[in-house]
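A.B. asks: Next come the chains, spelled out residue by residue.
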Amino acid sequence: MTADSKAILAAAPPARTGSGPVRPRRRRRPHWAHAVLAPLAGLWLIPLVMVVGLSLLPTSNPGTTALGLFPQEPSLGNYVQIWTNNPILRNLVNSLLVTVPSVLLVILFGSMTAFALARLRVPLKAVIFGALTLALILPMSSIVVATFKILQAMGLYNNLAGLVLVYTALGLPFAVIIIRTSFLAVPPELYEAAMLDGASKFSVYWKVYLPLSRPALAVVAIWQSMSSWNDFLLPLVTLEDNTLKPLTLIPLAYRGTFLSQPGALFAILVLISIPIVVVFLLVQRHLVNGLSGAIK
Amino acid sequence: MSDHTVQKHTAPREWLAGTLFLLPAIVLFTIFVVYPIVYNFQASTLDWDGVNPGRFVGLGNYTRLFQDPIFLTTLKNSGWWILLTIIPQALIGFFLAMLLNEKLRGRAIYRAIFFIPAVLSPVVVGIVWQRIFDPFNGVVAKLGRATGLDFLVHGYLADPKSAIFAAIVVNVWMWTGFSMLFYLAGLQLIDSSVLAAAKIDGAGTWRTIRSIIWPLLRQTHLSLLLLGIIGSLKTFELVYVLTEGGPNHATEMLPTYTFKQAFQLQSVGYASTISVVLLLIAVISSLSMVRAFGSGFLTGDEK
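Residue numbers (my numbering), protein chains in the order written: chain R, 13 to 308; chain A, 8 to 310.
Just chain A, with the same shape it has in the complex (with noise of 0.2 angstroms):
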């Protein structure tokens, strides 16, 4: 750690002005973050509406939730999310990186064309590909017609099989910009001479890449991977719109089977379950990964 103090004597005065520094931030944080916590921690041992008193029932809920096979499609298609967004976004934005971290006509305009889509709202983004996926007006279907080519020619969001496949091509469109950000931002990092050694060394392009730029950009890849599993266990809004979930639960995530069981089963107390299993996945997963690789990739801290 890189923490200084300056005078050790006025410790107590100091510890005034770094409360009161922190006084808003902690505030808000217990209203918003720390009490939902426990919130669902308490909801999720109720049988409740979500409006007339709930009754309590242990850990019912959750013997509930893991005899559901709901639960089991959401962890399927968790881990497909996870499996098939990461990797390719951070192949296909490793590889723009390169070759937009060198000076070229038109970098601006490259580097914006890949990103935009990840600045756009799901709303706007869950629309328009459903737009693209139509089997009647969609651009795939229509180029399908146009071209004899007739496997074109499907509804891919409304196939049970091909739907959540069709939801994680949305998502590395959406996303491989940020990929792309992130290893531009950790290419700025690596040491110019450390790449002109190379050089001198007569290591090959390929050879540079394999063996020096893509080690040293490890912190990247174990942002991106932790972001990315984050990210697949949280999904929600992209499948909402696109989905919300179906057809027949073929795309449902833990989030959007938690907000169906909340808002429209008014199974308070069951998706209070559901959100609780959900952080604890998600709390498990972070950690085990700072416990494998230290937690510098996440702090910016060296250690």
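If we strip away everything but chain R, and leave its shape as in the complex, we get (with noise of 0.2 angstroms):
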């Protein structure tokens, strides 16, 4: 997948000059939105081009480029210093160790609320539905300072798990507002049906809400991975130690060091863009669906 992704951004030159391959096609049938979408997509290229080419600047003689766009003698230079000089490896990994535990508590604590907000009698419906979307509205800049005080005095300041938390909980909203429309769309008779058979109800949520709701789960796990792993807020005032610092924050903590290697510093954006975009390419398909679910 890997390759794929690199593809959609190394094909950039190509698709650049797009109206090239188009216009033989239009001998053929041609269809007329091509001469809108390919300059219009190509403009929309322009900055991913250029994060993948100054990635590619040589690491001796940085200046000469091609409109500032792509270097004349590209080098894999950057990639090899960073992987070498820098503990960068240590920064994936914690991106890794924040992500994919805030998007399966993400999913798991958002789709239970779903369910017991679409299907189970419960006390004060509106109230935690109304403070759902209150939370969508919150802004993280404003919780910040005490979320700095809240993870000092549960002693999970400067710890990836505090980060987890907050994430998980800030997620919530989203994740229960377009799983609870998915779950509200299966067929009520199924749940009575599974009832009246004597299935428990986490049994009936597990297997038949869960497996029925896949593109709507889909949609917020692209969404909380993006979240959790492009954050660099809290991280920025919650973590002292380099050694726990994800990949979002070397570009910032280092901006001084990378003034004088502008292509090592390019190579550390193409690092951080590299996963999400293959997960977003994964679940591409599942997007536009899952979102109608939840819009409709």
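Hints listed in this document are in silico derivations from the structure and should not be mistaken for laboratory results. Bear in mind the structure is a predicted one, so any value in this text is a computation, not a measurement. Fair warning: there could be bad hints in the mix.
Said to hold, decoys possible - Calculated pairs, DMTMM-like style, for lysine to aspartate or glutamate (alpha carbon to alpha carbon, straight line, at most 20 angstroms):
#1 R:Lys213 <-> R:Glu201
#2 R:Lys161 <-> A:Glu21
#3 A:Lys267 <-> R:Glu204
#4 R:Lys213 <-> A:Asp56
#5 R:Lys137 <-> A:Asp54
#6 A:Lys83 <-> A:Asp166
Could you use the hints to bring the two separately framed chains together as a complex?
C.D. replies: Listed below in structure tokens is the structure:
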């Protein structure tokens, strides 16, 4: 799959001049939409071409580029350098250690909550739902001071587990709203029938509702992966040790060092982006269906 | 509501089971969402550096905020942000969705190209666009020099007059694909027989889009509008990486100002005050939208 994502990023230069390959096809059955889409896509690709291009800057003479986008003599030197000179693997692992558990927890807790709200009798349903939607509009920056204090009090300051808990809590509202809508679309008769057969509530949830809601879970998974993997605000204020820092903090933490080696900086940016782009490409085909179930 | 209950006489046991299902979420939520909100309200009444005991000042921080010229700047910037991100993102997103809803060669690739910016970290997007706007090495300036279009050779992010608009351009690049995806999802729900009927009645493409498709996507427009308003008010990461709110507060948003007060000026009481005001603005705008349009677009319920 890495090859796929690289193909998307690296296929940039041919796609940018996209009007070229489109034109011959126009002689057969042309679709006029390409005439609009290809230039627009080309424009959209410029920053992506640039980030890959600059990561390939030669380490010795990084000044020579075509339009500031792509080096005249591309080299993999920067990747070799960040891989050997920095504990970058450690940072990559930290990012994974935060992202994977928070995605799993958000899906588990979020779908449990959604199931209770969609199918069970629980007190204060409206209040709970209201509180969840309130949290959707809560900016992370406005809770970060309090979160910092709470994590300190819980002994989770300077600890990756603290990040996992906060990301899970903040991810729940979106997850519950999306999954609940998907659960509501499951015919209630299915629930009644399973209950009459003597199934427990948990097994109905686990064996019937979860498998039927895969597109919604895909939407939640990609969304949560993005939020956890991409965030830098919380690590910035709650992590001290360099050995605990996730990848996203590296460009900011070593800004000064990177001034003299722009290529290495862009190589790290590519490294931050590849995993999340791969996850996106994996779940891409579920996204539209998952969302349309959720916003109907 | 399409909530469903099975046996009424087992209510207490149902409640117990339901509560068990809800428990993990409620615990996490209380600690990391409800408590911080309460905390903000409390801290907003203090003159406090976050370490030493604070001094109670009542509503003093609020009077200070409403006289703070930077507060006005943040409101103005949020206004520009709301106006100039939501509308272009919706129009381009809708346009792309219409084109990419058809069977078209390379459809998946186009969709991926437009959506990938939205999955990238603001750290990546911010640093990349800093470079693009760089007056020496950036592609915009280089293009300007190569073509003689001198106005392109300009430090767009360094100039207080243009910085906020440059940041808005970056936001549009990043999030247009998200609007596209929402419209694609909305288009799935339009009954194709409606469109077929329109065709039989002789409605042209433009007419069909304007009179049928666009109005039928009302829920999608509203969701994007609300998400856009909230997203604009919450904007932090991108601006922090691009400009840190500068130059001279020209791109300051409420969240970046909060962060600055709390972590750079050690003025935690004042930072909490800004947070409370931000939260109130967000709640009031969301509630007034729900008031005006019903909550269906938010919860997915038919109402």
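A.B. asks: For each hint given before, does the structure comply? Return the numbers of the non-compliant ones in rising order.
C.D. replies: 2, 3, 4 and 5
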